[in-house]
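*Asks:* Okay, here's what each chain looks like letter by letter:
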Amino acid sequence: MKLHEYQARALFAEAGIPVPASNVAFSASEARGVAEEIGKPVVVKAQVLVGGRGKAGGVKLAQTPAAAQEAAEKILGLTIGGYPVEKVLVAEASDIEREIYLGAIVDRDARRILLMVSGEGGVEIEEVARTNPSAIHREYVQPSGVLDAHQGRRLGFMLGLDWEQVRKFEAIARSLVELAVRTDASLAEINPLIVTPEGELRAIDAKVNIDDNALFRRPALAGLRNSEEETGPERRARESGISYVKLDGNIGCMVNGAGLAMALLDVIKLQGGEPANFLDVGGGADAAQVRTAMEIILADPTVKLVLVNIFGGITRCDEVARGVVAATTGLDRNVPLVVRLVGTNEEEGLEVLRDAGISAYTGMVDAVNEAVSRAAA
Amino acid sequence: MSILVDADTRVLVQGITGNQGSFHARLILDYGSNVVAGVVPGRGGQSVHDVPVFDTVEEAVDRTQPNCGIIFVPAFAAPDAILEQAAANIPLIVCITEGIPVIDMIPVCHRVKAAGSRLIGPNCPGVIAPAHKVKVGILPGQMHMPGPVGVVSRSGTLTYEVVQSLSASGLGQSTCVGIGGDPIIGTSFIDVVDMFERDPSTEAIVVIGEIGGTDEEQCAEHIAANVSKPVLAFIAGRTAPPEKRMGHAGAIVSGGSGTATEKIEAFERAGVRVAAIPDEIAAAVRSTIS
Chain R
1 MKLHEYQARA
11 LFAEAGIPVP
21 ASNVAFSASE
31 ARGVAEEIGK
41 PVVVKAQVLV
51 GGRGKAGGVK
61 LAQTPAAAQE
71 AAEKILGLTI
81 GGYPVEKVLV
91 AEASDIEREI
101 YLGAIVDRDA
111 RRILLMVSGE
121 GGVEIEEVAR
131 TNPSAIHREY
141 VQPSGVLDAH
151 QGRRLGFMLG
161 LDWEQVRKFE
171 AIARSLVELA
181 VRTDASLAEI
191 NPLIVTPEGE
201 LRAIDAKVNI
211 DDNALFRRPA
221 LAGLRNSEEE
231 TGPERRARES
241 GISYVKLDGN
251 IGCMVNGAGL
261 AMALLDVIKL
271 QGGEPANFLD
281 VGGGADAAQV
291 RTAMEIILAD
301 PTVKLVLVNI
311 FGGITRCDEV
321 ARGVVAATTG
331 LDRNVPLVVR
341 LVGTNEEEGL
351 EVLRDAGISA
361 YTGMVDAVNE
371 AVSRAAA
Chain A
1 MSILVDADTR
11 VLVQGITGNQ
21 GSFHARLILD
31 YGSNVVAGVV
41 PGRGGQSVHD
51 VPVFDTVEEA
61 VDRTQPNCGI
71 IFVPAFAAPD
81 AILEQAAANI
91 PLIVCITEGI
101 PVIDMIPVCH
111 RVKAAGSRLI
121 GPNCPGVIAP
131 AHKVKVGILP
141 GQMHMPGPVG
151 VVSRSGTLTY
161 EVVQSLSASG
171 LGQSTCVGIG
181 GDPIIGTSFI
191 DVVDMFERDP
201 STEAIVVIGE
211 IGGTDEEQCA
221 EHIAANVSKP
231 VLAFIAGRTA
241 PPEKRMGHAG
251 AIVSGGSGTA
261 TEKIEAFERA
271 GVRVAAIPDE
281 IAAAVRSTIS
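Protein chains in written order, with the working numbering: chain R, 1 to 377; chain A, 1 to 290.
In case anyone wonders, no lab produced these hints; they're calculated from the structure.
Treat the hints with care, since some could be wrong.
In silico lysine-lysine, PhoX-like type, Cα no more than 20 Å apart, as pairs [unchecked claim]:
#, chain 1, residue 1, chain 2, residue 2
1, R, K207, A, K244
2, R, K2, A, K244
3, R, K40, R, K55
4, A, K133, R, K246
5, R, K269, A, K229
Because the structure is a prediction, the values reported are computed rather than measured.
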């Protein structure tokens, strides 16, 4: 789950990471009000969940409240990366002597939190990794989740900060790691962390992504979810424990298991078809879950037929078959079904389908070929 | 022969009274595995499918000497279940549970290792060794048959897909291992490929990977330098859009890294043939085995 900059900044402030005064505004006049409260030159920044705001004209400096209002007016009319800008952050502007990157991610290979810094602040870390990998310095956090002070100092000295600045940097680095652990962040990033001409360190941007698996124990964070991160069907799917990603084709797909679902999309494309979606009904899906999944797939008007590919393991074929039958009886849309069903309780499942007059394939490629040719007809 | 499990495997099922735990304990027993104990706090003294249930893993170990544990408890309790098995010195721990917060697995993996145990998963289908009629997992037993192919995969159902086509071609399996679809897992591709390399009953190895992370790339490099047996690979997610989590918490192309293309190229550089569709794997394996 992605947070907006203004939401991430609030988490930073709580964690004791220095951030300039700021507030979010939903209209140009609100933006003016925030600029008046701050009483200094401000930066007005589009709040969207995609990168590239600066290049898209979504970040503007304003010397006065009137200029802030004007800037907000322009930014609130923009669409960035397909997302209409609905809110802006108005933040006290800072004088910048240098920019640093500081980010914490969960490193899969090391099975630890990895803290990364680079002297090339303001540039995406992936870009630095490609163009100037030696500019990136790393510290792996102990499995307990606490950054040792000496690790923070080392990174500070690697960046060439002076001793006073290193002390401030080390505190920020430790706070960022603490924040990542406390919020179950898969990414917590300050880019840039700036050094002012007075030698102060400040986070002037904030990015935090939260692990979806952990939201059950972080209700306050779960409440921060932004509706633009997902479409209506994606939201319904998530709330039902289903993974759904909308794609561009016309073959609706229902699969159990993420790997098999990805493989099915690959095979459909290879056979000349176009999948309408990725959908994993989840391990151990029951009939009700399958029915919900079918409704989500069919809510997409571009779906011409539905290809069901189930390989029972923890999921039982008979449950899936009952869900498929329940979902397709009493529907307004008469969408053809191509079903492939094998695995746990296969016989019982096939019997349920037979009773409902639905025939099933046992081979995936056969089922895909049938679906592709019928979708093209 | 096989890897990880064999005829001497004595299984403990944690969460045996739950819906999934009880259903799959039945299937594990039916396949032929020796299930010696169940553990559910507060249910000690009961039995499920004639398997005695204990309140703690420690007590189950004292009374029934399991050497392998499988976990079917919900995500919020699963990290503790893994640690409880490691604390009781169970050498092989298989965690089926999906949806565990990723950060929880950091200390758990390190503590399991420090205790000298091996963790398979989480978010995995487990392990099956058809020649010994032993499974510690949720893989459907009927499609497996004994034979020379070692299978290792990040996926569950995609593994079944591949195994079914192997068996249909008369290619049985020495052992199949699902290592799990989460970002942080206890056992990597390299760990399992090494075990297959050393296992005399395994003649060819099938690696089933997917988008996200770089475990496949590292495995490819490792194979080039260390593995003499033929290896075939399949990578799911060639057509997956970037920055979208494709079901598995670990299956995401992020910042241009973790793509299927990179993984396929890494395997091909290592001299490993990569199948375009799962059905091709069997024929490719057949061509490598005399």
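*Asks:* Each hint: holds or not?
*Replies:* Hint check:
1. Distance hint between K207/R and K244/A is fulfilled; the C-alpha atoms sit about 17 Å from each other, no more than 20 Å.
2. Our distance criterion of 20 Å between C-alpha atoms is met by K2/R and K244/A, whose separation comes to about 12 Å.
3. In summary, the hint linking K40/R to K55/R is not supported, as the alpha carbons are separated by about 25 Å, beyond the 20 Å threshold.
4. For the hint pairing K133/A with K246/R, the CA-to-CA distance comes to about 41 Å; that exceeds 20 Å, so the pair is violated.
5. Distance hint between K269/R and K229/A is unfulfilled; the C-alpha atoms sit about 32 Å from each other, more than 20 Å.
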